[in-house]
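Trainee: Note that the numbering used here has the sequence shown beginning at 30, numbered continuously upward.
Wrong hints could be hidden among the right ones.
To be verified - Under the rule of at most 25 angstroms between Cα atoms (straight-line distance), these lysine-lysine pairs were calculated in the BS3-like manner:
hint: 1; residue 1: LYS81; residue 2: LYS172
hint: 2; residue 1: LYS109; residue 2: LYS175
hint: 3; residue 1: LYS81; residue 2: LYS175
As the list claims (entries may be wrong) - Label pairs and their calculated CB-CB ranges:
hint: 4; residue 1: ARG83; residue 2: ALA104; range: 19 to 29 angstroms
hint: 5; residue 1: PHE208; residue 2: GLU138; range: 26 to 36 angstroms
hint: 6; residue 1: GLU138; residue 2: PRO58; range: 17 to 27 angstroms
hint: 7; residue 1: THR139; residue 2: PHE208; range: 17 to 27 angstroms
hint: 8; residue 1: ALA134; residue 2: ASP212; range: 40 to 50 angstroms
Don't read these hints as lab results, they were simulated from the structure.
These figures come from a predicted structure and were not determined experimentally.
Glycine is no exception: its CB is placed at the ideal position from the N, C-alpha and C atoms.
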Amino acid sequence: MPPHVLIFGLPRTGTQSLCDAITHLTGEPVYHMREVAMHSHQPAWISLLDRKYRDHEAPEALIPALEDVLERYCAYPEAKVILTPRNEDAWYASMLRTLWAGHLAATAETNDRNVTMRGLRWKYHEYCWGNDFPAHGREYYRKYVKEVRELCEGREVLEWDVNSKVAGEEVGWERLCGFLGYDVPAGREFPRSDENAVKPAVVEHVETLPEAK
Numbered sequence: 030m031p032p033h034v035l036i037f038g039l040p041r042t043g044t045q046s047l048c049d050a051i052t053h054l055t056g057e058p059v060y061h062m063r064e065v066a067m068h069s070h071q072p073a074w075i076s077l078l079d080r081k082y083r084d085h086e087a088p089e090a091l092i093p094a095l096e097d098v099l100e101r102y103c104a105y106p107e108a109k110v111i112l113t114p115r116n117e118d119a120w121y122a123s124m125l126r127t128l129w130a131g132h133l134a135a136t137a138e139t140n141d142r143n144v145t146m147r148g149l150r151w152k153y154h155e156y157c158w159g160n161d162f163p164a165h166g167r168e169y170y171r172k173y174v175k176e177v178r179e180l181c182e183g184r185e186v187l188e189w190d191v192n193s194k195v196a197g198e199e200v201g202w203e204r205l206c207g208f209l210g211y212d213v214p215a216g217r218e219f220p221r222s223d224e225n226a227v228k229p230a231v232v233e234h235v236e237t238l239p240e241a242k
């Protein structure tokens, strides 16, 4: 069955909470990065990324996620589209203290890139921002959001910033249900899922990272 909703968003932009909310509304699963580990899909993703990007000299300029957006956008013209931008400073700081800090901590322990989530994370950091998020992360973010917006011109799109407020109200069930055509769940708080919150094991690396500018 083709997907009814396409969610385009970088890590640390509320996609996990959004996926949990959509699953609650529809009763259908949403394929999110956590599904990769749960179903041991790492080898397939690593192979796909390598086939597409390994031979390029400047992978950070390719915006791999944008190519994936284009392919899915064209393949499913009837699907509704949700884009998850976030305040750039908040996103950058969140990436530094979670995914980038975890990457530094993992690579400090071992350079083993076998087919695991560690290996997949390495590929992601390498192909998105040349394995230097502090230097190239912001540029990548700006280009991603800009080009997704341009691609989706003329199509019904919900821009979803889970941390923002619209008309004085927090972004939650009302906007999402209105866009997807579902009733607002009575008495149920909007999910606030975050499996990548800072863990004690990476705090030392977080403290050595530069402050968000």
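Trainee: Sort out whether LYS175 lies within 25 angstroms of LYS81, counting only the CA atoms.
Mentor: holds (22 angstroms)
Trainee: Assess, step by step, whether the Cα of LYS81 is no farther than 25 angstroms from the Cα of LYS172, and give holds or violated.
Mentor: With a Cα-Cα distance of about 19 angstroms, the restraint between LYS81 and LYS172 holds, given a limit of 25 angstroms.
Trainee: Below or equal to 25 angstroms on CA atoms is what counts here, so check LYS109 against LYS175.
Mentor: Given pair LYS109, LYS175 holds - Cα atoms ~19 angstroms apart, limit 25 angstroms.
Trainee: Can you tell me whether the CB distance of GLU138 to PRO58 sits inside 17 to 27 angstroms?
Mentor: violated (33 angstroms)
Trainee: Could you tell me whether the CB distance from ALA134 to ASP212 stays inside 40 to 50 angstroms?
Mentor: holds (44 angstroms)
Trainee: Do the beta carbons of THR139 and PHE208 sit within 17 to 27 angstroms of each other?
Mentor: violated (44 angstroms)
Trainee: At the C-beta level, are ARG83 and ALA104 separated by a distance inside 19 to 29 angstroms?
Mentor: Between ARG83 and ALA104, where Cβ atoms are some 23 angstroms apart, the hint holds.
Trainee: I want to verify a distance hint. Is the separation of the beta carbons of PHE208 and GLU138 within 26 to 36 angstroms?
Mentor: Since PHE208 and GLU138 have Cβ atoms about 43 angstroms apart, the given range 26 to 36 angstroms is violated.
Consistency with the previously given hints fails for numbers 5, 6 and 7, ordered from lowest to highest.
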